[in-house]
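A.B. asks: Here is how the chains run, residue by residue.
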Amino acid sequence: MVIFLIVALVLDAMAKGIDFGMTSAMWFNTILGNEEKFIDPLGMSDLLLSLHADLFGLILIFILITALLIRTSRPKYFKIAVLFLGVTSLLFYGIGLIASLWMGRLGVALSWGGFFLFHLLMIGIALDILILLSRKKF
Amino acid sequence: MHHQLLRILALLFIALVVLQSILGGALFIVLTGWHPHDIVLYYAQKSLHGLLETLVPHTLFISIALMGTLHFLGFISTISEKKKSLFIHLLFGLFIVDQSSPIFLNLGMAFFVYVKIIAFVGFESALGWVWIVMFRESLSDFSLHH
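So the sequences go chain by chain: A and B.
Start counting the first sequence at 1; every next residue gets the next number (the working numbering).
Start counting the second sequence at 1001; every next residue gets the next number (the working numbering).
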């Protein structure tokens, strides 16, 4: 399950890279549009659809990784810090993308940061869990 | 100190679930409209192919996601078996009603718009509740282990 979760996270980040881009500048262009490059801004329904479907999967992944992380032998405050970062980055991703309708670039930047921070964090934690499992130190 | 942190963490997670539910509702309204009449019109205009385009991936993906989620709910000890069973039946039942209502709307049975709205809101709320229960269980496990 952990291997599949890692693969899912990597593929999700890759798919988002193709859809929106990997850098914040590419996200600005895709979401807010760019007149010089003749790129239309993302429509409200496309934005909501993408976010709703994405968050659904990411919350499930977060719950599954949380359930495993809690049972590891890692220090208590490390786990709390990871969970805080995880849930906050997901909130930044969702709220930032919606807020981009009013806040423009700041909202997109928050969302971009939240999305990639969450993916990097969860992949790191999932790898850590995998290593602990393989060393039978779970 | 760490109980306070866990409480804040649980609140942040609830905010995330609320955000996801608001997004679901907002998406539905953006696509179909506010008024029940708009919702009836939205589904009445759709072809069978258009309906199936939404119905097929939803049926496949949501049923798998529900099965995975509810499997984990089975391990939870903070709620009774009766409540678990109720939520499992409720989630699958509301999901079937929610997904099949557009077919009846498409066939001209306008009454199903209210069935669709109630099933949609009920499903989103029940799923949100199950996620919160699962997350709270993880946090209470955390408190017990330390």
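Source of the hints: derived by calculation from the structure; they are not laboratory data.
It is possible that some hints are incorrect.
Derived DMTMM-like pairs (lysine to aspartate or glutamate); straight-line CA-CA distance at most 25 Å [as the list claims (entries may be wrong)]: (1) B/1046 - A/35; (2) B/1083 - B/1124; (3) B/1084 - B/1137; (4) A/16 - B/1137; (5) B/1083 - B/1038; (6) B/1084 - B/1124; (7) B/1082 - B/1137; (8) A/37 - A/19; (9) A/76 - A/46; (10) A/16 - A/36; (11) A/16 - A/40; (12) B/1046 - B/1137; (13) A/137 - B/1053; (14) A/79 - B/1137; (15) A/76 - B/1137.
Covered stretches of chain B, going by a simulated chain A footprint (3 or more residues, C-beta under 8 Å) [said to hold, decoys possible]: (16) 1018-1028; (17) 1061-1071.
From a predicted model like this one, the values you see are computed outputs, not experimental measurements.
We put the beta carbon where it would ideally sit given N, CA and C, even for glycine.
A.B. asks: Compare the structure with each hint and give your call.
C.D. replies: Hints, one by one, checked against the model:
no.: 1; hint: B/1046 - A/35; result: 34 Å, violated
no.: 2; hint: B/1083 - B/1124; result: 17 Å, holds
no.: 3; hint: B/1084 - B/1137; result: 14 Å, holds
no.: 4; hint: A/16 - B/1137; result: 31 Å, violated
no.: 5; hint: B/1083 - B/1038; result: 36 Å, violated
no.: 6; hint: B/1084 - B/1124; result: 17 Å, holds
no.: 7; hint: B/1082 - B/1137; result: 17 Å, holds
no.: 8; hint: A/37 - A/19; result: 17 Å, holds
no.: 9; hint: A/76 - A/46; result: 40 Å, violated
no.: 10; hint: A/16 - A/36; result: 23 Å, holds
no.: 11; hint: A/16 - A/40; result: 18 Å, holds
no.: 12; hint: B/1046 - B/1137; result: 43 Å, violated
no.: 13; hint: A/137 - B/1053; result: 46 Å, violated
no.: 14; hint: A/79 - B/1137; result: 15 Å, holds
no.: 15; hint: A/76 - B/1137; result: 16 Å, holds
no.: 16; hint: 1018-1028; result: holds (count 6)
no.: 17; hint: 1061-1071; result: holds (count 3)
Of the numbered hints stated above, those contradicted by the structure are hints 1, 4, 5, 9, 12, 13, listed in ascending order.
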